[in-house]
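Line by line, the protein sequences are chains A and B.
In terms of my numbering, the first sequence is numbered consecutively and its last residue is 186.
In terms of my numbering, the second sequence is numbered consecutively and its last residue is 1341.
I should point out that these hints are in silico values taken from the structure, not numbers from a laboratory.
Here the structure is a predicted model, which means the values were calculated and not measured.
Virtual Cβ for every residue (Gly too), placed ideally from N, Cα, C.
20 Å max Cα-Cα, derived DMTMM-like pairs, lysine to aspartate or glutamate:
id, chain 1, residue 1, chain 2, residue 2
1, A, Lys44, A, Asp24
2, B, Lys1037, B, Asp1123
3, A, Lys44, A, Glu86
4, B, Lys1037, A, Asp47
5, A, Lys182, A, Glu63
6, B, Lys1037, B, Asp1048
7, B, Lys1037, A, Asp24
8, B, Lys1037, A, Glu35
9, A, Lys182, A, Glu126
Here are the simulated distance ranges between beta carbons:
id, chain 1, residue 1, chain 2, residue 2, range
10, B, Gly1253, A, Cys109, 55 to 61 Å
11, A, Lys182, B, Arg1002, 46 to 52 Å
12, A, Arg129, B, Ala1132, 41 to 47 Å
13, B, Ala1183, A, Cys161, 51 to 57 Å
The primary structure of each chain is shown beneath.
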Amino acid sequence: MTAPTTRLPVRLVVNGAPRELELDPRTTLLDALREHLDLCGSKKGCDHGQCGACTVLLGAQGERRRINACLALAVMHDGEEITTVEGLGTAEAPSDLQQAFVSCDGFQCGYCTPGQIVSAEGMLDEHRRGWPSYASASLRGASPLSDAELAERMSGNLCRCAAYAGIREAIAGVAERRDGAKEAAE
Amino acid sequence: MRPFDYRRAASLEEASARLDPGARIIAGGTNLLDLMKLQVMTPEALVDITRLPGLSEVEPTDDGGLRIGALVPNADLAAHPRVRAGWPLLSRALLAGASGQLRNKATTGGNLLQRTRCPYFYDPCQPCNKRAPGEGCGAQGGAARMTAILGVSEACIAAHPSDMAVALRALDAEVEIRGADGAARSVPLDDFHRLPGDRPDLESTLGEREIVTAVRLPAPRPGATQVYRKVRDRASYAFALVSVAASVRMQGGRIAEAALAFGGIGARPWRDADVEAALIEREPSDALFAEAAEILLAPARTEPSNAFKVPLARRTLIATLREATGLAPAAAGPDQTGDAA
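With the hints as constraints, model all of the structure from the sequences given.
In structure tokens:
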């Protein structure tokens, strides 16, 4: 039988900083971040992968992907890199996406917002890689980020205040400005 | 969550050896951890196979088909250029399922082995023969909106929730399995999931200590039109009430080939050869499609709360066949199969 007091060593690189923990194997990545590393930006909404408030980015820059931290065991991600909303910007120096959520009224109560912003970063990476969505008219070639595409690609993040119109506007504006900046640099 | 022993397997051999009764393989964990939090599943040990080599590749096979490693995430598979070109039905079905976050974690093998989302299975305070054989079935006579109408039994009316597996059935997929002795065997997906019968807790034909290592697809069907149509309670991120996967090839105004599979209505991903046979060599028409729907739904066994699925499945099949045969334009797609290379 299993001893309930088992602790396993878990090393994570969170927002660029190496962190070492001793965790009960039941500890989710979300609980490791919130309860053990005091990074409370990632929110616990449903704790069952349905709301997206816990969304974090898993993996190194360039190949990172969005996941629900509530449905991941921290011990299974030993040695991996995690980016949370705290790693994207600060109150003093918000990221372009964070600033856009403010400018576009992309929230009301704000509880889902960190998950929305982190998820949107992951979603924009996926779109840059040319991944299609269920809303894509064709599976061949890239689909422009229309309103319908944004709604489909962000459907894993619920907003009970229903600030969806502002959320989509914020993300669409940032996608356009980043594309413009990329083209100007080329 | 109940305490469990966690082991990261260093080889498939070790993973198989650690699969004692009470132990479970964990990969993406998106369904298993959810069920463990609710104590619907209470494994004593988890065997983590996510770092095993050789299970994360999508590779062409010698016969023009595809071998999809069991650990390939749903997101990667949906976006894979070969899949999009040769088996677009599979991409569409994957993209119809779950959310972006979940598809990044959920694996091919795990998707096949996911459990039903029947609310009575999910609630340990309700009777469920799948969760605890012999307890009874709360869904029958209960709120059974999400349950199945085909392949159900006295013991269980739960629906298989996968979208991916529905497309794979229409595409004649096989499941590659590593046996306890290390030997590989291959099972047609048609024979992989069990019907509930009087043992709804037994969901697949996997034997003791066996592990799914890959899914194999035969070569694409050139010139086919493929459609995955999913009807659900909201526009995105919801399980199917009814879904239809169709791959149809027309020739001279008649239906030359038709492969159809169904989600949301079956105790397992559903396919019925008689439905397809009724379409072959016929000219497409709503009357013909209604005839096919009659064949599909004749054996349906309904509850008051899921009887709506009979007319819904009929209309969804007709609408899907209109798109796949070119009688009506599609909102997204339909996709033409091409060269997967």
